[in-house]
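As they're listed, the protein sequences go chains A and B.
Heads up: the first sequence runs through residues 1 to 399, numbered per the numbering used here.
Heads up: the second sequence runs through residues 1001 to 1267, numbered per the numbering used here.
Bear in mind the hints are in silico, worked out from the structure with no lab data behind them.
Among these hints, one or two may not hold up.
[Stated by the list, open to error] Here are the simulated DMTMM-like cross-link-like pairs (lysine to aspartate or glutamate), alpha carbons at most 20 Å apart as the crow flies:
id: 1; chain 1: A; residue 1: LYS383; chain 2: A; residue 2: GLU352
id: 2; chain 1: A; residue 1: LYS383; chain 2: B; residue 2: ASP1265
id: 3; chain 1: A; residue 1: LYS383; chain 2: B; residue 2: ASP1002
id: 4; chain 1: A; residue 1: LYS383; chain 2: A; residue 2: ASP354
id: 5; chain 1: A; residue 1: LYS383; chain 2: B; residue 2: ASP1058
id: 6; chain 1: B; residue 1: LYS1056; chain 2: B; residue 2: ASP1002
id: 7; chain 1: A; residue 1: LYS383; chain 2: A; residue 2: GLU191
id: 8; chain 1: A; residue 1: LYS383; chain 2: A; residue 2: ASP316
id: 9; chain 1: A; residue 1: LYS383; chain 2: A; residue 2: ASP347
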Amino acid sequence: MCGSEPDHDRELFSALLEDSAEDLYENAPCGYLSTMLDGHIAKVNGTLLRWLGYEREQLVGRLRFADLLSVGGKLYHETHFAPLLRMQGHVGGVALEMVAADGTRLPVLVHSTVKTGGDDQPLLIRTTVFDASDRRAYERELLRARQVAERERDEIRRLATTLQRTLLPPVLPAVPGLETATHYHHASPFEVGGDFYDLFPLADGRWALFLGDVCGKGANAAAVTSLTRYTLRSAAVYDPDPATVLTNLNTVLNQEQNGGHSRFCTVTFGVLAVEPDRCTLTLAAGGHPPGLLLRADGTAEYVEMPGGQLIGILPDARVVTTTVHLSPGDTFVLYTDGLTEARTGRDTRYSEEDLLEFAATLPPVSASGAVSALVGLLDRLGKGVEDDTAVLAIGVPAR
Amino acid sequence: MDVRSRNNVTVTGNADGPVVMLAHGFGCDQTMWRLVVPALAETCRVVLFDHVGAGKSDLYAWSERRYSTLDGYTRDVLDICHELELRDVVFVGHSVSAMVGVLAAVAEPATFAKLVLVTPSPRYIDDGDYRGGFSAADIDELLDSLESNYLGWSAVMAPAIMGNPDRPELGEELTNSFCRTDPEVARVFARTTFLSDNRADLDRVTVPTLVLECSHDVIAPPEVGAFVHARIPGSTLVTLDATGHCPQLSAPEATAAAIASFVADLR
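So that you can see chain A by itself, here it is in the shape it has in the complex:
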């Protein structure tokens, strides 16, 4: 029963209190060390001597604290520990390694304070040393786990890059009488973006091209991108009329709606008839930013196609069409909204107006010239480009 023998308890307690300060110091569960300001050891407790396997005479007055550290620890002591101690009067929680008499290493956590005299002049340095072997082993495990995570990160990057490559044509075919150029800007090396483009021949001697942007990122977006790209190519084989191709794509994406994942995209699809010194481009668009027409006469304008709807959401998406004639020196550029929605400040984004202003400085310009100017623009926008950006340009070479 509690408190039944208060006298006995008090006796026991006072016996404990009689534990001498000397014994508390010598056999404390941590190492104690007092050093002169120049680092020479003035006093050391039995615990630290036992841990390191030294006799007291070997250390006191003979060695400095830094002499007991590994080389890395010595350098750290000189470049970090000693300056901090001088500036703050104390340093806490520093992980170091001490070297025992037999050369073995003891991972420790060190705390030091400067003892000052009455006039605030520093007199000596008191240091406590805690055995951190278990903790170090635990830290090594954490480090190993981090290295594994980093390796997996690299693997993801590699997979994303490979997958992305399969979604884009490795090189565009050469179109006689036309110059083409493309660029793909990856916003993140760890994610597969949903932008896509392609250019390919049709059976009747004309050419087809498309450029678009699937909503979302990652594996789901990649699957929709793949489906979109092959659907567009197949649809164009049966009936290359641009509006029909996009309507067919809309039907396919609509049928694919399942599992709660939205599957839709913005896209511009075009058919090119190349004649000597001119090119007729018939375009169909579904919710995609307007293409840029850069004329040989130095003007720039958007090819507006208002009213087109996102492809894949509604059973009957409205697709709008238009026709563009390109003469020698004219260039037509398609791009995705990663460019026009790039962040330019905390609350501001690049816009279609900004892009048109920039584009107006370019013509007359070739397809490759236009693409390299846009690559320069993307570089300047830097981290503001938060989404992937695809650019496709076609131009009739100037005479």
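Given the coordinates of chain A, assemble chain B onto it according to the supplied hints.
The following block gives chain B in isolation, referenced to the frame of chain A:
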């Protein structure tokens, strides 16, 4: 890039006095000079800065490529001189920054009036007859321990910050802050520092040079100070009765006096 904020440049002291630029070494930041600045500021215009990656420099300006050789740090020093339109600079470089000063003065001798090299070492690793004070294995051990990131601060930092959740800067200000470096930055800076070899640059120095060493310094022992002194034509060697690698902290009065009298010699 704004050079002043990139390098957290601070200017103090006598605006009409000779320019003394103080460069900290591997480990801490410009606070290292705190105890010598008041004495120098009486007569000199004192320019202080943090190397990119240290102290309150702009961490976004740090890149492994730029700062994996001393050239990156040297370009920063020259950038600061140009930005502040400094002339006849007395450059005081501590530890690895002593070699940054050597490289800067070799690259643009017209900008610098004098060099003060505080506990310099052109090469930390022994090489043939040259005694740098460390074996290649020693330096590998240091770099390995920085690589595995167990040398240095433990999580003790975290409670210090968590203790002031609404004012995290307070915790940082109070505890070990001025020597705290991002582990990745520290790793690269250590590699740059301890693997560098600038012995061949020493005799290209054309400005008057003071070599300031400590009598007991495990990082830059007396042989190294003597080597630097012998290689830099016409240099002066002053050995301070001080222990450690940082005389600006362990013997601030003597350090400030040595710098001030060398600066005064100029005129």
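Tested hints:
1. Simply put, A/LYS383 and A/GLU352 have alpha-carbon atoms about 19 Å apart, close enough for the 20 Å limit, and the pair holds.
2. For the hint pairing A/LYS383 with B/ASP1265, the CA-to-CA distance comes to about 51 Å; that exceeds 20 Å, so the pair is violated.
3. A C-alpha spacing of about 18 Å is found between A/LYS383 and B/ASP1002, which places the hinted pair at or below 20 Å, so the restraint holds.
4. With a C-alpha separation of about 17 Å, the suggested pairing of A/LYS383 with A/ASP354 holds against the 20 Å cut-off.
5. For a cut-off of 20 Å, the pair hint linking A/LYS383 to B/ASP1058 stands: about 17 Å separates their Cα positions.
6. Annotation: proposed proximity of B/LYS1056 to B/ASP1002 holds, straight-line Cα distance about 14 Å (limit 20 Å).
7. Taking the CA atoms of A/LYS383 and A/GLU191, the gap is near 16 Å; set against the 20 Å cutoff, the hint holds.
8. This hinted pair does not check out: A/LYS383 and A/ASP316 have alpha carbons roughly 38 Å apart, beyond 20 Å.
9. Proximity of A/LYS383 to A/ASP347 is assessed by CA-CA distance (about 14 Å); at most 20 Å being required, the pair is judged to hold.
The structure does not agree with the numbered hints 2 and 8 stated previously, though it agrees with the rest.
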